[in-house]
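K.L.:
Next come the chains, spelled out residue by residue.
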Amino acid sequence: MNDLWRDYRSPGFFDEAFDDSGQARSAANALVRYLGEFGRTELETRRAAADLAIKSMGITFTVYSDAGMIDRAWPFDILPRPIPKHEWDRVREGLQQRVTALNMFVADLYADQRIVADGVFPREVLAQSANFRPECVGMRPPGDIWAHICGSDLVRDGAGEFYVLEDNLRVPSGVSYMVENRLVSKRVFPELFAQHHILPVDDYASELLDSLNALSPRKDVTPNVAVLTPGVFNSAFFEHVWLAGQMGAELVQGSDLFVDSDDCVYSRTIYGPQRVDVIYRRVDDAFIDPEVFRADSMLGTPGLMRAWRAGNVAIANAPGAGVADDKVVYAFVPEIIRYYLDQEAKLPNVPSWLCMNDTHREHVLANLDSLVVKPANESGGYGMLIGPRSTAAERKQFADLIQRNPRNYIAQPTLALSTAPTLIDGSARPRHVDLRPFIVSRPDDDAFVTMGGLTRVALREGSLVVNSSQGGGSKDTWIVADEEV
Amino acid sequence: MLSRLAQNLFWAGRYIERAESTSRLINATSLLLLDMPRATAFDWRALVEIVGAEDLFAQRYPDDSEANVMRFLVADRLHPSSIASCLASARENLRSARDLVPREVWEDINGLHLFIADEGQHIESRLARSRVMDHVVRNARHMAGLIESGMSRDAAYDMFMLGLQLERADMTTRIIDVRSADLLDEDISELRPYQTVQWISVLKSLSAFQMYRRHVRVRVTGAGVIRFLLADSAFPRSVRFCLNAATDRLVRLPTSSRCVGAVDSAVQVLNDADPGTLTGYRLSEFLDRMQIELSAINDTIQSRYFQQ
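Line order of the protein sequences matches chains A and B. When we follow the numbering used here, the leftmost residue of the first sequence carries the number 165, and every step to the right adds one. When we follow the numbering used here, the leftmost residue of the second sequence carries the number 282, and every step to the right adds one.
Because the hints were derived from the structure by calculation, they are not lab data. For every residue, glycine included, the Cβ atom is placed at its ideal position computed from N, Cα and C. Careful, some of the hints might be misleading.
To be verified - Residues from chain A that face chain B, not an exhaustive set, calculated with beta carbons under 7 angstroms:
{"id": "1", "residue": "374"}
{"id": "2", "residue": "396"}
{"id": "3", "residue": "405"}
{"id": "4", "residue": "432"}
{"id": "5", "residue": "433"}
{"id": "6", "residue": "434"}
{"id": "7", "residue": "435"}
Stated by the list, open to error - Listing some non-contacts, in silico: residues in chain B with all C-beta distances to chain A over 12 angstroms:
{"id": "8", "residue": "285"}
{"id": "9", "residue": "336"}
{"id": "10", "residue": "349"}
{"id": "11", "residue": "419"}
{"id": "12", "residue": "491"}
{"id": "13", "residue": "580"}
Claimed, not checked - A short list of chain B residues far from chain A (calculated; beta carbon distances all over 12 angstroms):
{"id": "14", "residue": "288"}
{"id": "15", "residue": "312"}
{"id": "16", "residue": "341"}
{"id": "17", "residue": "358"}
{"id": "18", "residue": "405"}
{"id": "19", "residue": "427"}
{"id": "20", "residue": "430"}
{"id": "21", "residue": "433"}
{"id": "22", "residue": "458"}
{"id": "23", "residue": "462"}
{"id": "24", "residue": "477"}
{"id": "25", "residue": "481"}
{"id": "26", "residue": "542"}
{"id": "27", "residue": "550"}
{"id": "28", "residue": "565"}
{"id": "29", "residue": "566"}
Please construct the entire structure, taking both the sequences and the accompanying hints into account.
P.N.:
Following this line, the structure appears as structure tokens:
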């Protein structure tokens, strides 16, 4: 073995590539052996090739700073993260179960609210939900699917068990990077793909397009699908362009669309108005229709909700789906699965304390230094308290915040997130990772789950922050077919 | 194609062309100065008149010194037609439409935008200025080349070229308008010997000198230059050529008859006049009329394709 794996240890954590005795795990075996034959120069050559590929393929994300908007090259670590297929199959079933139940939950909340009437889901949680949209009550989207696209964040604990950390049912991003990461690693390690059975990930856009087409209210014509973006200043604009390009859909902004007196949605083109049947929107609910939601929104299209309610356009995800994208709702997901499917959750939740519950809150306030506190409705890793790394002042601030608005906070134990070998200065070093698979729900079929997902890695030693806006990187995720293992 | 993107491409074409033609104009004028008699106080304000921004200039600068005029035309971001502003606007228009043009065009416009933001501050010396202007012209030409050779002849291409051709016709009429007003004034007798030099400068500011020589084959005269720049059907910066090129693009776009009609009307104005015989106020009137026609074409395209 060369320098790469020498001294590689990740004590106290589940490592994705090596077991506790330092042996390569079966799914990683071939990879470890192969890379072990590389010299430092060869590795550096491959790393440089990856950088060049990312640059020439134009894979970027946008960050804001005082100096304005910057397109940054997508941060990518060349060492892939292998997961054996048999493990992934269990995760996939768990995700399908979870998203099915969540869709039934959202549909119920906007219809009879049986789960509330039956006392399983507290009425006061619903009453205070920032993402419940009364304007959506009574709607029945096709197949009762509300959250067409879900991105769930998974982590492994010290024992290697997968847990769901959160479900993103509003406008989850990252799937373009999942696919592009694979293209980059194929360029960097073509030999490995020739030798081993790594399951493909690039069918996502076709699956998504099929699912979106199936939502079209017009069954007699080829549907016009549009991707609705907030515009070039959005941090995920690269992905919006990518999705539209991969699906052959039009990339539109709110001002490109209008709703006519027939309550149909049209895009403004040089050929005249073109009817739009399905909108994959990457704009948050609150901004999609100034007639109904925020009147100051410049990103939306007046009348869009009217057209949607009239059944003349499909919107994915459906307005209001975000009600289930709430960290308090998250804590109820095991109950939600039991209630609607009469099953136990196949993928566990991270144990969570709800600050709205008196005994839970006392526990949280007494243990702020060991817990992670999260606001109910933030994303991107903002507004969190990571207890073991917090200062007394920060804990005091969060104690006040929690007491003022207990409904808005949950707390979870700090997890011993799994690590994966990551190339740092020419050697492999353990760094913490998470995983975001994407789940596409469809009216007449089981939900489609990506083969693996986007692995995000915290590049700083010991760090748990994987967000690309805050110094995180990413890896290609390999689901390795078992016959090869 | 979305109307918004069509509009982005049209204006990207206009702004890139405007940045290029302003750079050309500045270089040709600076060169002309070297040939002029020492005693002549050159009126830099003429350049401000060409871009049609006299009022804004007067508000922003105390006098029309060379340094002020150059700052206003090159680097002043509060002047919407300065080279820096044009390049920034072209970049903003291309930002949304970047997937419709070859990738290198986006890289070029970014590079050029950064270049002028920096180098545009160092144009006091005529040598440095000439180098900066050359760089802008070359890069604008590079972008046009990338588009010409790398872009399918689709609606995106048509819109970009339409903007470019209209801007080119517009700049040609402006240059003739302002420069002929100076030149045709027979009273300034001490300048008379320099008139040929000045007409050559007009040709040079439109990169037309070489082609004029080859195709007109008489000595450079005012009438000859005006006829060439307005009515020649083969020279790419002549108004007639630009109008024909605009029609070529328009006929490929959907339901363009109103827009084609607007261009036809401009061509008719050109045909009705005999540009080589126009002098003094009649030339000036004709050029005003042509400006109105060009602006009507712009408005017709605007209302047909961009505002619905």
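K.L.:
Does each hint fit the structure? Answer for all of them.
P.N.:
For each hint, the structure was consulted:
{"no.": "1", "hint": "374", "verdict": "23 angstroms, violated"}
{"no.": "2", "hint": "396", "verdict": "5 angstroms, holds"}
{"no.": "3", "hint": "405", "verdict": "6 angstroms, holds"}
{"no.": "4", "hint": "432", "verdict": "4 angstroms, holds"}
{"no.": "5", "hint": "433", "verdict": "6 angstroms, holds"}
{"no.": "6", "hint": "434", "verdict": "5 angstroms, holds"}
{"no.": "7", "hint": "435", "verdict": "5 angstroms, holds"}
{"no.": "8", "hint": "285", "verdict": "5 angstroms, violated"}
{"no.": "9", "hint": "336", "verdict": "31 angstroms, holds"}
{"no.": "10", "hint": "349", "verdict": "29 angstroms, holds"}
{"no.": "11", "hint": "419", "verdict": "24 angstroms, holds"}
{"no.": "12", "hint": "491", "verdict": "38 angstroms, holds"}
{"no.": "13", "hint": "580", "verdict": "16 angstroms, holds"}
{"no.": "14", "hint": "288", "verdict": "9 angstroms, violated"}
{"no.": "15", "hint": "312", "verdict": "37 angstroms, holds"}
{"no.": "16", "hint": "341", "verdict": "25 angstroms, holds"}
{"no.": "17", "hint": "358", "verdict": "14 angstroms, holds"}
{"no.": "18", "hint": "405", "verdict": "27 angstroms, holds"}
{"no.": "19", "hint": "427", "verdict": "16 angstroms, holds"}
{"no.": "20", "hint": "430", "verdict": "20 angstroms, holds"}
{"no.": "21", "hint": "433", "verdict": "15 angstroms, holds"}
{"no.": "22", "hint": "458", "verdict": "32 angstroms, holds"}
{"no.": "23", "hint": "462", "verdict": "39 angstroms, holds"}
{"no.": "24", "hint": "477", "verdict": "47 angstroms, holds"}
{"no.": "25", "hint": "481", "verdict": "42 angstroms, holds"}
{"no.": "26", "hint": "542", "verdict": "17 angstroms, holds"}
{"no.": "27", "hint": "550", "verdict": "27 angstroms, holds"}
{"no.": "28", "hint": "565", "verdict": "36 angstroms, holds"}
{"no.": "29", "hint": "566", "verdict": "35 angstroms, holds"}
Checked against the numbered hints given earlier, the structure breaks hints 1, 8, 14 and satisfies all the rest.
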